[in-house]
Amino acid sequence: MSSPRTLFDKLWGLHRVCDLGDGQDLLYIDRVFLHERTGSIALRGLQDAGHALRSPSRVFCTMDHIVDTVPGRNDDTLMPSGRDFISATRNAAKAAGIRLFDIGDPDQGIAHVVSPEQGIALPGATLVCPDSHTCTLGGLGALAWGIGSTEAEHAMATGTLRVTRPKNLRVNFEGCLRPGVTAKDLILHLIARYGAAGGSGHAVEFAGPVIRDLPIEARMTLCNMAVEFSAFTGLVAPDERVLAYVHGRPGAPGAGDWDAFCEHVSKLHSDASANFDAEITIDCDELEPQVTWGTSPEHAAAMSARVPDPVTEQDSQRRGAMAKALDYMGLVPGTPLQDIPIDAAFIGSCTNSRLSDLRLAASYLRGRSIAPGVAAVCVPGSMQVKAAAEAEGLHEVFKAAGFEWRESGCSMCFYAGGETFGANKRVISSTNRNFEGRQGPGTRTHLASPLQVAASACAGRICAAQVLN
Amino acid sequence: MEPFQVHQGVAAPMLLNNIDTDAIIPSREMKRVSKKGLGEGLFAGWRYTLPGGREPNPDFVLNQSAYVGASILLGGANFGCGSSREHAAWALKEFGIRALIAPSFGSIFYSNCIRNGILPVVLTPAAIDQLSQAIEAGPQCAQLRIDLPRQRVATPNGSQYDFEIDAGHKRMLLEGLDGIALTLEHATDIDAFEAADRRSRPWIYG
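These protein sequence lines map, in sequence, to chains A and B.
Counting from 1 along the first sequence, just add 34 to a position and that's the residue number in my numbering.
Counting from 1 along the second sequence, just add 177 to a position and that's the residue number in my numbering.
Check each hint, because a few of them may be wrong.
What the hints assert, rightly or not - Estimated spans, in silico, between C-beta atoms of each pair: (1) A:ARG107 - B:GLU352: 40 to 48 Å; (2) A:ASP247 - B:GLY383: 46 to 54 Å; (3) B:THR365 - A:GLY456: 50 to 58 Å; (4) A:GLY55 - B:PRO228: 42 to 50 Å; (5) B:GLY214 - A:GLY138: 25 to 33 Å; (6) A:ASP247 - B:SER242: 37 to 45 Å; (7) A:GLU313 - B:LEU354: 47 to 55 Å; (8) B:ALA369 - A:ARG107: 45 to 53 Å; (9) A:LYS128 - B:LYS213: 20 to 28 Å; (10) A:VAL366 - B:GLY383: 56 to 64 Å.
Just so you know, the hints here were simulated from the structure itself, not pulled from any lab data.
Ideal placement from N, C-alpha and C gives every residue a C-beta, glycine not left out.
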């Protein structure tokens with residue numbers, strides 16, 4: 035009988051081609067996903083080196099990073115050379131014979147929204163993409179992680195990657211979530227408590243009763259920010275809900291394979307006595323909605339808290355980073371977070387732009403309006419999400435409240451395509467990174483869940499939604 | 178790829194935690210469909226006085242005369258966290274950075290460095306503080322010497338710090354190897370894995 039193993043050990047073992055004998059294993063890669071920022075660079079790099087794609091039918095590409103999100107968009111972007119990236123990627127994808135989710139395609143969207151939606155990411159499969167938030171797909175029980183362009187070339191040419199095996203960390207979320215507390219709050223709280231390097235060198239399995247009750251899209255939000263915890267990836271053990279989510283999607287196993295697939299997935303969980311290198315338990319009963327005040331995701335706190343004072347920080351490097359962050363953010367220690375006025379609100383990104391996120395925000399916005407002077411934008415994660423939201427009339431709710439309703443893409447999660455609220459503007463954002471300049475030069479980002487973004491947009495300041503059971 | 182054996186050079190301290198790849202190269206500096214032309218955008222948000230501008234910010238360490246020609250950076254924990262953009266490694270390389278020394282690195286960034294001939298050295302915060310003090314008096318004369326075969330960082334006054342690195346990563350750097358060529362030596366293993374896997378997980382292969 036084999037020794038007890040973690041979910042991560044099992045996924046690793048299922049894909050291990052061989053031990054390279056130098057501290058690394060050669061892992062089999064089931065799916066590669068590209069985007070227009072680096073897709074053409076990687077495809078061209080392969081071509082220049084004379085390498086063919088090993089399996090073009092298992093390589094996919096989307097237009098998400100740079101594309102405009104204004105209605106009626108074309109290949110032009112606010113970033114002057116964006117068009118070059120788009121056309122080079124389109125040409126390279128066509129030449130390589132891979133599936134491209136192009137502008138105008140009803141299935142176009144953000145890579146990590148499209149891949150689960152299309153059944154490209156599957157529980158038990160490996161998927162890599164030259165984007166750090168690829169770990170999102172761990173929410174389905176896929177072993178997925180972000181890589182660089184050179185590694186993407188390697189994966190496409192050889193069907194494998196050379197990887198150093200990370201250690202196992204389990205994070206148990208115990209108790210019950212209060213109304214209005216979401217997966218976004220769980221992950222921000224974890225990172226604030228254990229630091230932005232807290233998961234360094236580890237694959238993190240999220241477990242416990244709170245996680246078992248989380249809907250699939252919320253699990254993706256949680257795993258999405260595993261990289262902000264510096265983890266190799268995040269994972270949630272796939273269950274019946276995942277199988278129900280996958281069933282019938284375009285890339286899902288067909289009727290002939292479905293039973294074998296379900297049998298395979300049913301084994302993908304950590305054994306009862308599996309050994310983890312580290313374990314963390316978080317009691318969620320008292321957990322409040324979170325918001326960030328600084329320039330690292332670890333700079334997060336309960337919305338009822340105050341801006342912290344760097345003087346109270348013992349560690350000199352952390353203290354230095356806090357002071358630099360407050361300077362950039364234009365904040366004074368001791369200010370209640372909920373007294374901070376905002377200029378703008380953004381709902382979107384691979385973290386929080388799926389249908390459930392939009393429903394949650396809309397549930398607050400229905401019958402309300404954003405505060406005067408606040409600019410607010412909603413960018414659905416894919417054109418499929420957009421269509422589904424519109425079928426429910428959510429776009430009317432967003433628009434009536436004063437939000438712009440856009441086409442799908444990464445948009446203001448970052449400044450790649452040139453979309454920004456502007457310098458010194460303070461933004462409450464459902465995205466994943468509050469780094470200096472992330473949303474444009476001088477733009478100040480406060481991360482929160484879509485619900486708190488909606489509530490803050492209406493209040494004109496950082497504000498926790500009052501939610502009843 | 179340029180092999181890395183032994184490197185001696187000026188080291189510049191940037192002892193902040195969580196220096197992310199957006200800071201190493203902001204999105205707005207990634208203007209061309211290319212791995213080249215990125216050195217100028219390295220640390221652009223801190224290095225220049227205005228976004229998109231090119232007027233040096235005199236407060237930024239790499240703009241100070243003491244650190245002219247720096248080829249080694251000393252960083253804080255979680256150096257290179259965030260975005261997977263390999264442009265960060267390409268920009269560092271083009272600027273002339275050959276090695277980074279930090280208590281920990283973002284894992285994607287670490288991998289990108291190895292694949293571009295940049296040596297990421299992991300040392301304790303205490304060791305990095307000592308290195309920082311050793312170079313502070315005169316960075317140009319107090320150059321650090323990094324010996325990859327011996328896995329050792331040395332200061333001119335004789336202090337030495339040993340570091341760990343995976344044998345596979347070390348070999349790629351020492352020999353300047355291309356990962357694809359190395360892996361294709363295992364083509365038979367890959368074919369055999371795939372043939373067996375097709376039978377056990379046919380849905381993957383469509």
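How the hints compare with the structure:
no., hint, result
1, A:ARG107 - B:GLU352: 40 to 48 Å, "holds (47 Å)"
2, A:ASP247 - B:GLY383: 46 to 54 Å, "violated (33 Å)"
3, B:THR365 - A:GLY456: 50 to 58 Å, "holds (57 Å)"
4, A:GLY55 - B:PRO228: 42 to 50 Å, "holds (48 Å)"
5, B:GLY214 - A:GLY138: 25 to 33 Å, "holds (30 Å)"
6, A:ASP247 - B:SER242: 37 to 45 Å, "violated (60 Å)"
7, A:GLU313 - B:LEU354: 47 to 55 Å, "violated (38 Å)"
8, B:ALA369 - A:ARG107: 45 to 53 Å, "holds (47 Å)"
9, A:LYS128 - B:LYS213: 20 to 28 Å, "holds (24 Å)"
10, A:VAL366 - B:GLY383: 56 to 64 Å, "holds (57 Å)"
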